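Q: Those sequence lines, one after another, are chains A and B.
Residues 113 to 319 in our numbering are what the first sequence spells out, letter by letter.
Residues 30 to 319 in our numbering are what the second sequence spells out, letter by letter.
Keep in mind the hints are simulated off the structure, nothing from the lab.
Any given hint could turn out to be false.
Short derived list, chain B residues pointing at chain A, Cβ under 7 Å [said to hold, decoys possible]:
hint, residue
1, His-136
2, Val-154
3, Asn-172
Pairwise CB distance ranges (calculated) [as the list claims (entries may be wrong)]:
hint, chain 1, residue 1, chain 2, residue 2, range
4, A, Glu-280, B, Ser-85, 29 to 35 Å
5, A, Asp-131, B, Ser-170, 43 to 49 Å
6, B, Gly-144, A, Asn-178, 53 to 59 Å
7, A, Leu-298, B, Ser-246, 39 to 45 Å
8, B, Asp-305, A, Ser-226, 40 to 46 Å
Keep in mind that this is a model prediction, so the values were computed, not measured.
Even glycine gets a Cβ: it sits at the ideal position worked out from N, Cα and C.
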Amino acid sequence: MIISTQKELKEILKTLKEDSIFIIGCGKCATKLHVGGETEVLEMKNRLAKAGKTIAGWTVLSSACNISSWEEVLSLNPGIGRSAALLIMSCGGGVSVISKLSEKQTYPALDTESLGGIGGEIQKEQCGMCGECTIWKYGGICPVARCPKGLLNGPCGGAVEGKCEVDERKCAWDEIYDRLKKLGKLSHLEFIHTPRNHAKKLGRKKN
Amino acid sequence: MNFREKLDSGKFIITAELSPPKGTDLKSMLKDAELIKDITDAVNVTDNQRAVMRMSPLAACGILKSKGYETIMHLTCRDRNRLALQSELLGAYALGIRNILVMSGDHPVKGDHEGAKPVYDLDSVQLLGLIRELNKGYDFSGNRLEGKTDFCAGGVTNTELNEVSLIKLHKKIRMDASFIQTQAVFDAELFSGFMKKINQTRPKRIKIFAGIIPLKSEKNALFLNKNIAGIKVPENLVARMRRAKNPEALGIEIAAELIRDLRDICDGVHIMPIGDHGNTKKILEMADIL
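All chains should be modelled from the sequences, with the hints used to inform the complete structure.
A: Below, the structure is given as structure tokens:
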């Protein structure tokens with residue numbers, strides 16, 4: 113799941129110079145996270161109307177990043193054609209896909225933060241999307257995503273009483289240690305990990 | 030004798046820390062350096078410590094080297110990718126810098142350029158591995174170098190270590206670190222526990238230097254406890270500082286006491302004063318080192 117948060121309205125209004133706006137929400141992650149589902153789209157519609165904008169219409173696509181026929185979207189939502197700009201309440205993936213298909217001015221209503229999930233509660237930053245997954249070596253906890261320094265060989269000296277030096281999160285390496293201990297795999301901590309191959313992330317080099 | 034030869038000789042090593050200037054004016058750094066020139070085995074030059082932007086340690090070390098100092102150049106993983114780290118190291122070697130202290134580096138959000146991109150392309154273990162390759166005559170991609178390096182590389186550690194941190198320290202040793210400098214020590218007994226732990230596995234050639242920060246005041250002790258990871262000034266020292274008529278003088282005395290206590294259990298000390306080195310000579314004299 114892509115973790116996004118809503119931008120503040122004043123920030124959205126600063127960029128949104130066009131008058132006639134069509135709002136598009138997303139039925140997947142943004143709905144689950146309550147940042148771009150039907151409820152939030154309708155709220156946005158009211159807030160924009162209050163700020164003096166004309167709302168040409170709104171819809172919540174089943175998935176903003178997976179559109180098989182834009183013609184179908186257009187025929188179901190004639191307001192899109194009439195609008196001067198689209199306000200997209202999805203992650204950056206959805207904004208990009210819709211920008212390409214619509215060839216219209218689009219604006220993001222959300223800030224895309226990380227790849228995570230919901231397991232009881234929202235879990236941000238669970239995967240570093242590095243293109244060479246070795247999460248099994250770390251007890252299923254991704255150090256690229258969970259450690260703000262992405263350290264692969266163990267913790268830095270910055271944590272105080274188990275708390276990361278960067279913010280309120282727990283030190284990812286304490287979590288990795290605890291998990292490996294539970295799994296009976298503490299020997300994994302002895303691996304010397306080589307640096308990441310960033311060419312893989314770019315998908316330009318496959319070896 | 031150069032620094033590496035001194036390490037091998039078994040001499041009790043004294044190093045002290047200098048900060049490059051925030052700006053281009055070298056006067057105060059050089060004045061501070063003068064205070065420790067004849068009493069240290071090498072001077073450490075910090076690399077944007079606490080993520081606060083300063084002059085590059087490469088430039089500062091080059092200048093100090095030209096004035097006859099043996100330097101230990103700090104090199105963090107925070108600001109440079111593997112290309113920049115290698116260029117920096119080759120440049121340092123060409124300028125006569127022979128000793129490198131490797132660390133992850135405080136995250137940019139801790140410093141004065143909060144929005145900077147945190148690089149951490151390598152971690153400290155991998156950076157030690159990179160230096161080992163340069164010393165063998167190869168770059169990190171395995172290309173042969175025209176002229177290899179011969180660095181004496183070290184790493185850092187806190188002294189209160191959980192198991193996962195201890196494993197990382199061992200990885201640094203496995204990557205051929207020649208010396209380890211510790212975060213500031215304030216409790217010789219706890220430090221002795223740390224030494225016992227690592228003595229179980231460390232080869233004797235790996236030297237351990239204990240960090241020393243002379244306290245300035247009670248407020249300063251409380252600040253360290255609250256803000257600097259890995260530092261714990263025990264309550265009895267805080268109380269002594271509180272009661273002191275002249276806290277700075279007591280700070281000097283405590284630092285000297287610690288050095289005397291640590292002398293037989295580790296291989297050297299690393300002095301990191303808050304402010305300048307005005308008291309460093311006195312501390313070493315009181316500790317019967319000079």
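Q: Each hint needs a verdict: does it hold in this structure or not?
A: Going down the list of hints, with the structure as the test:
This hint holds: His-136(B) has a C-beta 5 Å from the nearest C-beta of chain A, less than the 7 Å allowed. Annotation: Val-154(B) was flagged as interfacial toward chain A, and the flag holds, the nearest CB pair being 4 Å apart, inside 7 Å. The restraint placing Asn-172(B) at the interface with chain A is violated, with a minimum CB-CB distance near 16 Å, outside the 7 Å limit. As the Cβ distance of Glu-280(A) to Ser-85(B) is approximately 33 Å, the hint placing it in 29 to 35 Å holds.
A C-beta distance of roughly 55 Å is found between Asp-131(A) and Ser-170(B), which places it outside the suggested range of 43 to 49 Å. At about 33 Å, the CB distance of Gly-144(B) to Asn-178(A) disagrees with the hint of 53 to 59 Å. The supplied range of 39 to 45 Å is met by Leu-298(A) and Ser-246(B), whose beta-carbon atoms lie about 43 Å from each other. Look at Asp-305(B) against Ser-226(A): about 44 Å separates their beta carbons, and that is inside 40 to 46 Å.
In terms of the numbered hints stated before, the structure departs from hints 3, 5, 6, listed from lowest to highest.
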